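Asker: Sequence:
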Amino acid sequence: MKRIFIVIFALTCAQNISAQLIENLNIGLETNAIWYNDDKKTGDFYDDVNDDGDDHIRANSYLKLDYTFLENFMATVQFESYEPLALLNYSPNFNETNIATYSLNYKTEKLDVTAGHFYEQFGSGLILRTWEDRQLGLNNALLGGNATYMPTDYLSVTGLYAKQRVGFDTSEGEIFGFNSEVELTEILNLDTATLSFGASYVGRKDDIPETITDPDFNELTNAFSGRLDFTQNNFYSSVEYINKSEDAIVQFGNINPDFIKGGSAFLLNTGYSKKGLGVDLTLRRLENMNFYSDRAKAGNVYNENVVNYIPALTKQHDYLLTNIYVYQAQPGVSFLSPSLLKAGEIGGQLDVFYKVKKGSAIGGKTGMKIAANASYWANLDGDFDYAGFDYDTDLFGFGEKYYSDFNLEVRKKWNSKWSSIFYYVNQYYNKKFIEDSNGEVKTNIGVVESTYKFAKGKSVRVEAQHLWAKEDKKNWVGGTVELNLNSNFSFYVNDIYNYGNDDDDKQIHYYNVGGSFTKGATRLGLSYGRQRGGLLCVGGVCRVVSESTGLTLNLTTTF
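For what it's worth, my numbering labels the leading residue of the sequence shown as 11, then goes sequentially.
Using 25 Å as the maximum straight-line C-alpha spacing, the simulated DMTMM-like pairs for lysine to aspartate or glutamate come out as follows:
no.	residue 1	residue 2
1	Lys367	Asp290
2	Lys529	Glu40
3	Lys74	Glu33
4	Lys480	Asp446
5	Lys307	Glu106
6	Lys173	Glu142
Label-pair restraints from in silico Cβ distances:
no.	residue 1	residue 2	range
7	Trp478	Val548	24 to 32 Å
8	Val523	Gly449	28 to 36 Å
9	Tyr462	Asp328	17 to 25 Å
10	Ala203	Met160	16 to 24 Å
If you're looking for bench data, these hints aren't it; they were derived computationally from the structure.
Since the structure is predicted, the reported quantities are computational estimates derived from the model, not experimental observations.
All residues carry an ideal CB built from backbone N, CA and C; glycine is no exception.
Full structure from sequences and hints, please.
Answerer: Okay, structure coming up:
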């Protein structure tokens, strides 16, 4: 199939080598390269996954070509290169240079058909979502066929069959999917409200290893989803429920044929919004909702073979110190020891936004923006049988606390040139249940940020941070200075310092100095500094990164 698409793409291009070809061709290029060096503080560079660390220069490069022809057709090819090796902490399945994804798409008002690689999402993604995030080293595209048909304005149906991308290869497991979306507003003749209904099915067929005789679970695991969305005036709400059929629990990459459980998910989002005020509440319960195209790959650190999308529903912070103790969603079952038994998570978050009017006693001449967020997550409560590989959870029972986060943000514009942000965060982080290590951490974090705008597009931004903690690595301090000369040139320097660490050798300055040049659709960035080890998160999904020091080059352009 790969060769067929390459031939189709090449022949199509050959027939239209003209000005029209250039007009219909979009090219995107991205390169991220790092020269890693040895550092007395962060340690000598070493990569125990790919080699012994001799290759200090690493690069991830992506070239994507989109070509539109015959009005309704689009051909896409993405080449990827990981030479001499991929960046640190990326999957070893990303290696050398090859064609990564390719597809041919046909689209009209009523029909959308793709053959090859494609990305898809059903509902909120709890049952199925595939996407690409190069910063996370994540690309779980599906390779096969996907078709969506819209016979009317209020009905659409989607069907798909595929295998999932893993590096430059595909998973062993097969994915089947069906989705339907029905807009009920027109059918029910609703005047002041909108109402829609969705239903989905995803099946994962994965061969059972021959070493497992007389299994009590099937090759095919089925997941069903139903959801309802409603809005009226300033009010909105949505609810979704998912049921996953019984399957074997996987621990440390090993399938346990004696531990068979089904899964479920419940998601509720509701809120109210009008000018100057917004309130949003999200509640979620997950039980055994790990879903991988290859069941034995469940829980791998590279987020490979992931079929569904389960982000952490907490505030996505913008500052360095607020992202040290970040929460990862806990959807799976874990029986590591009698004192560490997990079956999922339950909790939620509340967002409140309020704009203080200009001229008021608090808002002053320019007004003020206030945003508050609170989140709480815990293990599912219930009866756990460690020796018998079994559990029975309570429907709305809260067990061991995983994580909590309360934060308050105040944005104040003093005049046309000067503005400030005041930010406070209180966190609780249970290392035992989130990282499978000992300890609990309670933090208080304060941030003050100010931006001053000069004439002709110049500006300077200054940021000061502090984290107070009595546990783990204890106190941190940090700061940033950013200078924007114009719309093209920007420079920055930042540093976070773990001065409170009990180990003097680990009282490290994690500094970074860099700048960027932007012109049109092209951006070139260059920086040098240290990477703090821990979790790197984007949109609530995380990957582990090692401590390192090096020179980083980033280049992105489209034309």
